[in-house]
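A.B. asks: So the sequence lines, in the order shown, correspond to chains W and E.
Whatever position you read off the first sequence (first residue = 1), add 35 for my numbering.
Whatever position you read off the second sequence (first residue = 1), add 1489 for my numbering.
Hints in this document: simulated from the structure, not taken from any laboratory.
Mixed in with the good hints there might be a few duds.
[What the hints assert, rightly or not] Taking lysine-lysine and the DSS-like style, the derived pairs with C-alpha atoms no more than 30 Å apart in a straight line are:
hint: 1; chain 1: E; residue 1: Lys1532; chain 2: W; residue 2: Lys121
hint: 2; chain 1: E; residue 1: Lys1532; chain 2: W; residue 2: Lys283
hint: 3; chain 1: W; residue 1: Lys274; chain 2: E; residue 2: Lys1707
hint: 4; chain 1: E; residue 1: Lys1823; chain 2: E; residue 2: Lys1686
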Amino acid sequence: MKKYIIYILSILSSYATAQTTNEQKYLLTSASNTLGYSIIDFIDPYLSPLTYSGSGIGYDFQSQRFLSVENTRISKFQKLSLLAGKAFNPPHTASMSFFGTNYGWGVRYHLKPMSKLRVQLGGLWDIDFMFKYLARNVNNPVNVDLGTNLNAFGSATYDILLFRKEMKLKLDMKSPVLGCMFVPYSGASYYEMFGLGNLDNIVHFSSLHNKRGLDANLMLEIPLRRSLWRVGLGYETMKWSANDLVFKRNNLSIKVASVFDFAIFAGRKKRAPSNFISPNE
Amino acid sequence: MRKYSQIILFVAFLLPSCMNEPIVEPNTNMGNFESLWRIIDTKYCYLDYKKINWDSIHTAYKAKVTEKADATAFFDLMGTMLGELKDGHVNLYSDFDRTRYWKWYTDYPSNFNLDLIRSARYLGDNYKIANGLSYQKIDKGRVGYIYLGSFSYGFNDANIVSAMTYFKDCKGLIIDVRDNSGGSLDYSKQLASCFFKEDKVTGYIKHKIGNGHTDFSKALEVKTPANKNIQYQRPVVVLTNRMSYSATNDFVNRMKQAPNALIVGDKTGGGGGLPLSSEIPNGWMLRFSSSPMYDSNMQEIEWGIDPDVLVSLSPFDEGNGIDTIIERAIKLIK
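Isolated chain W, as found in the complex (with noise of 0.2 Å):
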């Protein structure tokens, strides 16, 4: 006789491992919410030969997947990543509003080296974009980076005991491999490219030659009662170049996770248990 046993909550552990019973197994979708206050620092020659400097507040959704129950090496993941902020000019004369966001798409495969160490190694698939607003420039007051990537990833997570709890010590980096970028002329004004559509020579081929940039995070996982929290800090630094510009973004941020798992019932054959109950009613 067959029983449901799908229980969600954010009690689990952030990663879906196999049940060993023989019983009915289902996959669990690890996800997180993260807050992050971000110290970022911009270099945009097409706005700016300055260094601009200031801070913003971020947010970001990931969840994880493995691909079936009987494949537990495989997963698949999706990243959303929110950022926006205010920076500054070093003498503090203006100032440039930012707002960015990227989603990304990957696959990692997942290997147990050592007993108390995960590492995952796969690829991620991203498009990036950010807004970059300097009120005071007369027809180049905006700048946009935009670029898609296939990026390298991988992650290590280590388990210790500290304070009498188990904790996971988790380390995740992604590189850019290749893509292509938006990045005009530094004397082409957008008048000229959207409002007369010139656009030669705005997009161009990415890889290690002209960008090249690393996104790391380092996080403690705690469980806390019935949750499960990360904080750690993260750093990106990315550079690219293309038409003579040098663009950088430097971005050091404090993170606070909290993580849970969940499976969906809705739209399923098999219903959730009658003690589960929704509230999309």
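Based on the hints, put chain E in the right spot on chain W.
C.D. replies: Chain E alone, transformed into the frame defined by chain W:
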């Protein structure tokens, strides 16, 4: 193994060298001078056209830069250096002042008197205002008159339709853009489009693609499209003076190609280079001409556009409450 190490070392050396960040000068008077000089040297579009020896200017002004000079004295010195470019689109903005070059109109007769325009003979007290357009019937209702003081004040097709409808019984139209020092190129194109029956190439534009003084992109056609909602077919006269500058210069350049249009008054002030902005280490902002614009014959319009009919404001007429240029336009329409 050694071979692979050498390759890795070579690649590690090569990759960073591909992306050298630009030199940022220190925030000193000399550093700010060098930074300002370099921005103009690499990004300003008219150094060759105006036959300016920018290297000589570097030598001459570097000798005058001292660290002892206070911000005002240094600012004035930089303003004088930028004045060598003879360009109304070049300004240095600080917290306390803005450098400017205004000789493109101060060295010439103004050919404009706002009090005359506002007198009962022309706009009067009961003229109509539709966003940026001020309009009235003049010459006993036989001629429509629009005064447009800036292309920064927005207007839309509905505003233009309102004015045209009001002028439906008039023999022609005067558009007065004297003392209009520019604004948005989009508004310039929008207004000009009402006087074209079909899309027409009315100019060209280039932009810098490198740091050399002659590193420009290919010329891109600038078209004035025929407005789909408004087609004014009667005679139109555009009034200009030396203070018709920048986007107004662009409007006049477009109207030169309009089938029923005449340009009347004085030569425009010019301002053919689309300006962009940058800044120097002390945070002062620099505006400079970056993209040169041309007429339909690929001739520069930086120094202004000649009218079809050259007319000056007569002091005698002015004393009698008459605007000589408007009166000449009325006669041309009749």
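A.B. asks: Are the hints correct? Go through all of them and say.
C.D. replies: Now the hints, each set against the structure:
no. : hint                   : result
1   : E:Lys1532 to W:Lys121  : holds (27 Å)
2   : E:Lys1532 to W:Lys283  : holds (21 Å)
3   : W:Lys274 to E:Lys1707  : holds (29 Å)
4   : E:Lys1823 to E:Lys1686 : holds (22 Å)
Hint violations for this structure: none, all hints satisfied.
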